[in-house]
Amino acid sequence: MNFSRSLRTYLALHSWPVFLFLYAPLAIIVLFSFNRSPVSVQFTGFSTAWYTSLFHNQDILAALGRSLELGIGSASLGTVLGTLLGYGVYRYRAAGLAWLGLLVYLPIIMPSIVFGISEMIFFTYVHQFTGFLSAGLLTMGVAHVTFQIPYVALVVYSRLVGLDRHLFDAAQDLYANPWKIFFHLVLPVTRPAVVAGFLLAFTLSFDDFVISFFTSGPDSMTLPLYIYGAVAKKGVSPEINAVASLMIGMVLVAAITNLLVSRSKEQAQRPSRPWLRSH
Amino acid sequence: MNAIPRLAQAIGDGKDFAKPAAEIHDAQHGKVHLQDVSKVFADGTVAVDRVNLEVEPGEFFTLLGPSGCGKTTLLRIIAGFEDLNGGAIFISGRSMLGVPPHARNVNTVFQSYALFPQLNVAENIAFGLRMRGVKTVERRRRCQDMMVSMQIDVFAKRMPHQLSGGQRQRVALARALINEPEVVLLDEPLSALDAKLRQELQVELLRMQKRLGMTFIFVTHDQHEALVMSDRIAVMDKGLVRQMGRVDDVYERPRDVFVAEFLGLSNIFRVQSKQGADVSTSLGMLRLSHTPETLQHVMVRPEKVLLSSLEEKGRGINDFHGLVREVLYMGATSQYGLEIDGYPLVATISNTQNGRTRYRVGERLRVHIEPASIVGMGG
Chain A
1 MNFSRSLRTY
11 LALHSWPVFL
21 FLYAPLAIIV
31 LFSFNRSPVS
41 VQFTGFSTAW
51 YTSLFHNQDI
61 LAALGRSLEL
71 GIGSASLGTV
81 LGTLLGYGVY
91 RYRAAGLAWL
101 GLLVYLPIIM
111 PSIVFGISEM
121 IFFTYVHQFT
131 GFLSAGLLTM
141 GVAHVTFQIP
151 YVALVVYSRL
161 VGLDRHLFDA
171 AQDLYANPWK
181 IFFHLVLPVT
191 RPAVVAGFLL
201 AFTLSFDDFV
211 ISFFTSGPDS
221 MTLPLYIYGA
231 VAKKGVSPEI
241 NAVASLMIGM
251 VLVAAITNLL
261 VSRSKEQAQR
271 PSRPWLRSH
Chain B
1001 MNAIPRLAQA
1011 IGDGKDFAKP
1021 AAEIHDAQHG
1031 KVHLQDVSKV
1041 FADGTVAVDR
1051 VNLEVEPGEF
1061 FTLLGPSGCG
1071 KTTLLRIIAG
1081 FEDLNGGAIF
1091 ISGRSMLGVP
1101 PHARNVNTVF
1111 QSYALFPQLN
1121 VAENIAFGLR
1131 MRGVKTVERR
1141 RRCQDMMVSM
1151 QIDVFAKRMP
1161 HQLSGGQRQR
1171 VALARALINE
1181 PEVVLLDEPL
1191 SALDAKLRQE
1201 LQVELLRMQK
1211 RLGMTFIFVT
1221 HDQHEALVMS
1231 DRIAVMDKGL
1241 VRQMGRVDDV
1251 YERPRDVFVA
1261 EFLGLSNIFR
1271 VQSKQGADVS
1281 TSLGMLRLSH
1291 TPETLQHVMV
1301 RPEKVLLSSL
1311 EEKGRGINDF
1321 HGLVREVLYM
1331 GATSQYGLEI
1341 DGYPLVATIS
1351 NTQNGRTRYR
1361 VGERLRVHIE
1371 PASIVGMGG
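Residue numbers (the numbering used here), protein chains in the order written: chain A, 1 to 279; chain B, 1001 to 1379.
Please keep in mind that the hints were generated in silico from the structure rather than gathered at the bench. All C-beta atoms, glycine included, are put in the ideal place defined by N, C-alpha and C. Errors might be hidden in some of the hints.
[Unchecked claim] Simulated restraints on C-beta separations:
(1) G1379(B) / G88(A): 44 to 50 Å
(2) R1360(B) / V161(A): 58 to 64 Å
(3) A1332(B) / V161(A): 46 to 52 Å
(4) L1197(B) / V161(A): 28 to 34 Å
(5) G1165(B) / F132(A): 55 to 61 Å
(6) G1165(B) / F19(A): 42 to 48 Å
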């Protein structure tokens, strides 16, 4: 008891510097987004002016719109394809297709700069020979879907692997043909994983810079590309801090929602734990 | 231990129920016929080796054997989860070659129950009807009837993880039975339960099967379960059916050492020489009432060994003097570890017999074995 208490105190003390290291830069960005001065090294007073100007900046709003369009579009397609791939790899995992699993992993461990460049070259060739796929939101979307698929597939696959494998036999045994198995068993039981996969895919797309940089066209500047351009031109302005703060806020809200949802689900799925009540 | 009287009661109850459904259907309905069925796994293991089986409609048939003997594979072949490498399979007279599991009118109760985690009890039970496109109203009614008859209607809205092992087992059984399949396949459905609940559910399962008149094919490695429940059994080992027949016949007249040892306790002696009905064994000369052609071993069940005190008169043949080495008191019976001329012999004596039936360790006594109680066996 004493030991565990002192250990807990130690861990609590020990973790604060780590948290400080992780979150201090984020806190500074949020703080300076409310800075009155346009110079971001000195805090001269509180102001929400940058947020106001942000919402009047048509370039930023357009970039945000494109990011959302790209993120939602690519994540939707990526989730569908990734779910199918995850299920396929699971279903035929016994058929000597272990190498398929490796192929699924490959895009995840490949450096994104290599991935981005190869996508760019590929699209250039395709465009040159067919006239299709000129650099723009479409090529970015194709590239994003490509790197989203393995992530979604892995999330869905690991959910399926955790299930009793006899569930699939049972569904077949109860007159479900392969289509019905997919819609009445696979989709319902993997729904949490599919939702998580979609959120992951969206986040990956929304903040992707490297791959977007190589596959974008003149009219497809997304938010990360805009921020990069703005910083490269004029340095970090409070307006950029404001955009960043909003993005942090969005991610925070999403993460907390996700946590609450999964926690309430976990409680519903587990039987009550009486030993917790005795304390 | 109290399974036997309960069982008698259960079967007695069964008589009051409606006529077995099997009588209504044609003679082939619910019949399972396997012809030279073989299954070789990708790694070369022969899981099932040219098995021939005929399970009659309305029969409680048990596949009994140690783990890895191929019994579960055989069950999965009947369900359609495994393809054959040879042979043919007929259910209700129709060939099942190339018929996928979802197109077979057969339902399985899995060892893990395999209840759908995202569906509640009622939805789990109705799953088969839903997949077959039975209308909602009828589905609800049949599901409700089934839950009432299985006494699980109070759990209708519960999720599988909120149920106890016994309740899950009932739901799994209801989910199979509601479809009125031609054959119900049960893959060690009771093995995950504790002993008392297992005995209760054995009775319940048997009562249900007799009432519905459905064909049940039951897989187990538990010989007691096989003895209590089955009409007929097939004892399997290494992919082969070693012996098949009525459960009492197999118990009383095992064909070989494996079957004798797997099903119940046995005393087995190697036959050294044979002269007519008399065989010479390590125990001494034994007279048999019936000697098969290939005679390598003789077997006596412990409860067929008769014990009496030395003062009583012997019967001339198959009489021995024994020494009590060990006594295991088991309530209704006692198991004696005897020694005859240095060779061990196990005898089981009922403790409720009249007269003196209890012997102490170190006591000498008279041992008699009726010729009809000795079974001659092959390898």
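Hints and how they fare:
no.: 1; hint: G1379(B) / G88(A): 44 to 50 Å; in the structure: holds (49 Å)
no.: 2; hint: R1360(B) / V161(A): 58 to 64 Å; in the structure: holds (60 Å)
no.: 3; hint: A1332(B) / V161(A): 46 to 52 Å; in the structure: holds (49 Å)
no.: 4; hint: L1197(B) / V161(A): 28 to 34 Å; in the structure: holds (31 Å)
no.: 5; hint: G1165(B) / F132(A): 55 to 61 Å; in the structure: holds (60 Å)
no.: 6; hint: G1165(B) / F19(A): 42 to 48 Å; in the structure: holds (45 Å)
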